[in-house]
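Q: As you go down the protein sequences, you meet chains E, A, L and U in turn. Residues in the first sequence are numbered consecutively from 21, following this note's numbering. Residues in the second sequence are numbered consecutively from 21, following this note's numbering. Residues in the third sequence are numbered consecutively from 21, following this note's numbering. Residues in the fourth sequence are numbered consecutively from 21, following this note's numbering.
One or more of the hints may lead you astray.
Which residues of chain L face chain A? A few of them, derived with a C-beta cut under 8 Å, are [claimed, not checked]:
| no. | residue |
| --- | --- |
| 1 | Gln56 |
| 2 | Val58 |
| 3 | Asp64 |
| 4 | Leu78 |
| 5 | Pro268 |
These aren't lab readings, by the way, just hints derived from the structure by calculation. Ideal Cβ placement from N, Cα and C applies to all residues, glycine included.
Number of protein chains: 4
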Amino acid sequence: MIIAIKPGTGGEELGDFIALLEKKGLRINLSEGITQTVLGLVGDTTGIDAEALMAHRLVEKVLRVQEPYKRANRMFHPEDTLIEIRGPDGGKRRIGGGCLTVMAGPCSVETPEQITAVARSVKQAGAAFLRGGAFKPRTSPYSFQGLGCRGLDLLVRAKRETGLPIVTELMDIHHLELFEDVDIIQVGARNMQNFTLLRELSRCRKPVLLKRGHACTITELLMAAEYILAGGNDRLILCERGIRSFDPYTRNILDLSAVPALKRQSHLPVIVDPSHATGLAWMVPAMAKAAIAAGADGLIIEVHNQPEAALCDGEQSVTPEVFASLMDSLRRYADIEGKKL
Amino acid sequence: MIIAIKPGTGGEELGDFIALLEKKGLRINLSEGITQTVLGLVGDTTGIDAEALMAHRLVEKVLRVQEPYKRANRMFHPEDTLIEIRGPDGGKRRIGGGCLTVMAGPCSVETPEQITAVARSVKQAGAAFLRGGAFKPRTSPYSFQGLGCRGLDLLVRAKRETGLPIVTELMDIHHLELFEDVDIIQVGARNMQNFTLLRELSRCRKPVLLKRGHACTITELLMAAEYILAGGNDRLILCERGIRSFDPYTRNILDLSAVPALKRQSHLPVIVDPSHATGLAWMVPAMAKAAIAAGADGLIIEVHNQPEAALCDGEQSVTPEVFASLMDSLRRYADIEGKKL
Amino acid sequence: MIIAIKPGTGGEELGDFIALLEKKGLRINLSEGITQTVLGLVGDTTGIDAEALMAHRLVEKVLRVQEPYKRANRMFHPEDTLIEIRGPDGGKRRIGGGCLTVMAGPCSVETPEQITAVARSVKQAGAAFLRGGAFKPRTSPYSFQGLGCRGLDLLVRAKRETGLPIVTELMDIHHLELFEDVDIIQVGARNMQNFTLLRELSRCRKPVLLKRGHACTITELLMAAEYILAGGNDRLILCERGIRSFDPYTRNILDLSAVPALKRQSHLPVIVDPSHATGLAWMVPAMAKAAIAAGADGLIIEVHNQPEAALCDGEQSVTPEVFASLMDSLRRYADIEGKKL
Amino acid sequence: MIIAIKPGTGGEELGDFIALLEKKGLRINLSEGITQTVLGLVGDTTGIDAEALMAHRLVEKVLRVQEPYKRANRMFHPEDTLIEIRGPDGGKRRIGGGCLTVMAGPCSVETPEQITAVARSVKQAGAAFLRGGAFKPRTSPYSFQGLGCRGLDLLVRAKRETGLPIVTELMDIHHLELFEDVDIIQVGARNMQNFTLLRELSRCRKPVLLKRGHACTITELLMAAEYILAGGNDRLILCERGIRSFDPYTRNILDLSAVPALKRQSHLPVIVDPSHATGLAWMVPAMAKAAIAAGADGLIIEVHNQPEAALCDGEQSVTPEVFASLMDSLRRYADIEGKKL
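Build the full structure now, drawing on both the sequences and the hints.
A: Here it is as structure tokens:
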């Protein structure tokens, strides 16, 4: 971290300021120029609050040279993280490290027939995980809120029938014990900075899928990841799912530059959710292919056997037929990129 | 709600679609033109998911005429909500309904001396509530996270010493019992769509201060309010605290048009937080005055006796002297607007 | 267009309002329900200003069913527009209609050696057009503003030497006669809503490459296209080049969902500029591939033989070696999509 | 400007890089620490392109300490700029320097009766300038584009009849000679970065009102101002008129923090346009008052005698009655702030 000192700052008060910084365990590299005095802070600055420093009356500007995250940082962990999850059939599914992993299923679990039918069709098309919502974060208190525990039961039953491990969203840390048979716990975009939840999940032993908040930066996503990693849970997957913009054409703007950005800054696997990002089923195949071309490690896609009758988000769900055809295309993309789907 | 049907839609499938809508308890007003068929949905459409309707293959576009919130809606509750809170001295503080209410105090509670000193100075300047963070949502797991329970104790002690009721943020619903002596529970911007938390707070009997999420729309804020109101807690205050933009000059953009917008759409009191919105102490007085001119019912302002030494967000805290001088200006603004500060 | 009338609107004033609309050449379809009166406007509503209608005291809401653009609209022109440009060697280059077209070259023309060297290398790698800036829109009046006329001369010389047709930006309509040997005139993002310029270009006979403004919606881009088409110039190419967001990681956010959106709404070819969008050379290959996977008809990419010495935007230019390797990958992507590069 | 050098950079290549910088007329202050080497650039860095520097392989990060604008910078011009304009009656109108100046009138000039009636009513209410559009930038080529020259004539006639100096938008530099009787030339938001236009206006002797582009930063607005100032035209007024956001409630978000920001960074007068920013007539009074409370030097407000019949933007125009009542309130606000309306 580099601090530009305000012009005309005299010796004693500068000395006091340096002493203050040294008390935080940093070594200070002082460079006095004719017009500009600069302090270089040497040591671990991840705990230093750059904004708080800005409040000091001697400080002109602050430049962070190192990123404020450590465990999520590729600089300290150059190799890709590979996450392995054993399915109910004993087979391993891999996420990251040269694999392409597709998670698919309905937005909400609705009936035993629906979830089983969708699970079978996505398995046949090549999905590695079944996704489905049991507890649903809904903007309106009057909208369908998911089947809750019964939804979880239906998901687990579909898992047993198809052998697909499951991923579903946790909204309340008290439900954690209900999630025993869940293979990956999803943290939704609206909870990306629910630090209470992140801290609890950092202590559990389940893999976590962390979705980017719809107005959070790359750095903020990696800081949220840092909460989970810092507590000891290193089985973490990041997910880009669209950010807010001024254009109402799509629900959100899918930020595919987040994929190479996250892969460069971090060692964690990165998957993309084109369904929630665009909110438009007809756009999902194009954006799914683009995500893979941009370097994503996988996708999470909404599939519904009757999108028109879906209890939520039907307009963004593709049919099993469209999904199967998309998977065929994705295999050819995986080939080009030397990845295994 | 009005649904434009796709051109060329025939009789039977349209009949089926209408039957489907009628099953949701709505009466359908069919208008068949030569080029455009339009359905008017009559009845309570707050539970209807416009996005889900868009998924139906017969639907061209959907227009919501009524807002999706009901209890927060001024249409169904024309009079301003007035919230009264009794201080430890027995005196009443009012929020809304022609009063101007200022809440002030440090970002974080740090020491007994600090919180008491700040509490005294803001009381003397005319603040009606003491604010202070005990549990702090921090972007980094390595930043100071607040004093927690001990912070709460210090706040309560400052409340007793000064007679100022207190407002502080709740991050974890399990802490609710610790908040017995807290007068207003704050829901932070990052938790505005933590629906689990909102639902729990809808069942408690404490007034709630709900901050707008930094990328949430006016409608989404009112839907979050609806969660709290729908559960039976009608002592709710809304707070504008800045939204994300592309310009890094201020931390967020203070959206003052949210004030007249929220006052028109809803009966709930609306206060403004210029400190978090701008992140710049020198800008706080200008934006505080502008908020009152725009029609806000109050302000929540960060005041610190030593901003430079603050453990968090010092650069946005004004000194007690600046705060006192601002309060003098605000009294003159209140006069013009016929409000009581 | 559908207009929801305010509840309680009586007979005579509604009649007057309908008469007012009929005077604009529209036929009105009146649907009176018990709680909601709706007007359907039949006829050509492209000239109707929906915002102006909102000002009328009887109007509750307005819903546009048809898009406000006509000539750019795929509905009225279902087939892809294919643009053919004859190079100095007599060979045809195609844009749109199943072709993949890559335009490449330096941000600015700097010296004869530079532009010729880059032109040769991008030609060899398979680029179909040479791009290069002669007149540069720069945020600062003190930055290098391009070589102007001399830059144009150097571009034309490079065109003759290599046989590559050229694309370059026009900032001032008075320069039009200088652009005689330019093959495609670029309208920069900052001029997308310079309607004076658009109108002049609608009357010229050169193909135009219209870049999306950095905070313009899909609809606004198509309305800007409509200005050019309405004047009679139908050789128009659209270009997505990144939109503003809150995240400083990349200069702009490349909005790849704009590609399927524009292809669905319009028949015009759509190319993508990953260099300006991201501002980061290392990210260009990933985003270029993603653009093709999303369905783009081509790319415009900055290539510089010495990025470090570039007089502008060097940090976003790839080297000729990186470009050649990218073109190899793109050929494989083109194969999958059944397109010809 | 401060440059952090990449770790491990050796002596010779660093020497070459320093020599390169010195050739640009800068003196380099080298500070070599154990883990971080930092260069301080001493001298005039306004012409240095920070982004281009980022392309150099030795550069880790760049921190601008000084702003890239000079003539617009309050640091080099501490006193407020005061602009005086003589009206047709010989009386002076002042903008800046402790005055509050209100410009009012219709969005578009429509008929002699309309513009004269509005001019009279706004004059009587206390407006100092008449605004009105003759050449209108419209998103759609099919919308009313303004009366053009005839509109200018009508404006000038209204000026003579009322004695109010006039402000109107210039879209095409060729119209400059038609603007002889115009007192302030407006540059619209869409042309804020039309550098060709700015450069021409920098050479003319008319005061210029420069509107902030709807997705331009504070710094970009001041750089656009710099174009005009650098050419010798120092009679320049800045105008905040709303920026793009994700919330459709208002057309744009009025960024009132831009007012204190611009006043701190620059010496130029700053006015606010609440009409275009919000697009909602009922919100204009609240935001106009807030703008003055935030420290604006004036306002530009749309007033129409028959908003419902306006040919453009009627929904954002207040009636003469509302305007007169607003002016009464504003006088009381001016009093508090010690300004003269």
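Q: Compare the structure with each hint and give your call.
A: Hint check:
{"no.": "1", "hint": "Gln56", "in the structure": "holds, 5 Å"}
{"no.": "2", "hint": "Val58", "in the structure": "holds, 6 Å"}
{"no.": "3", "hint": "Asp64", "in the structure": "violated, 11 Å"}
{"no.": "4", "hint": "Leu78", "in the structure": "violated, 14 Å"}
{"no.": "5", "hint": "Pro268", "in the structure": "holds, 7 Å"}
This entry does not satisfy hints 3, 4, going by the numbered hints stated previously.
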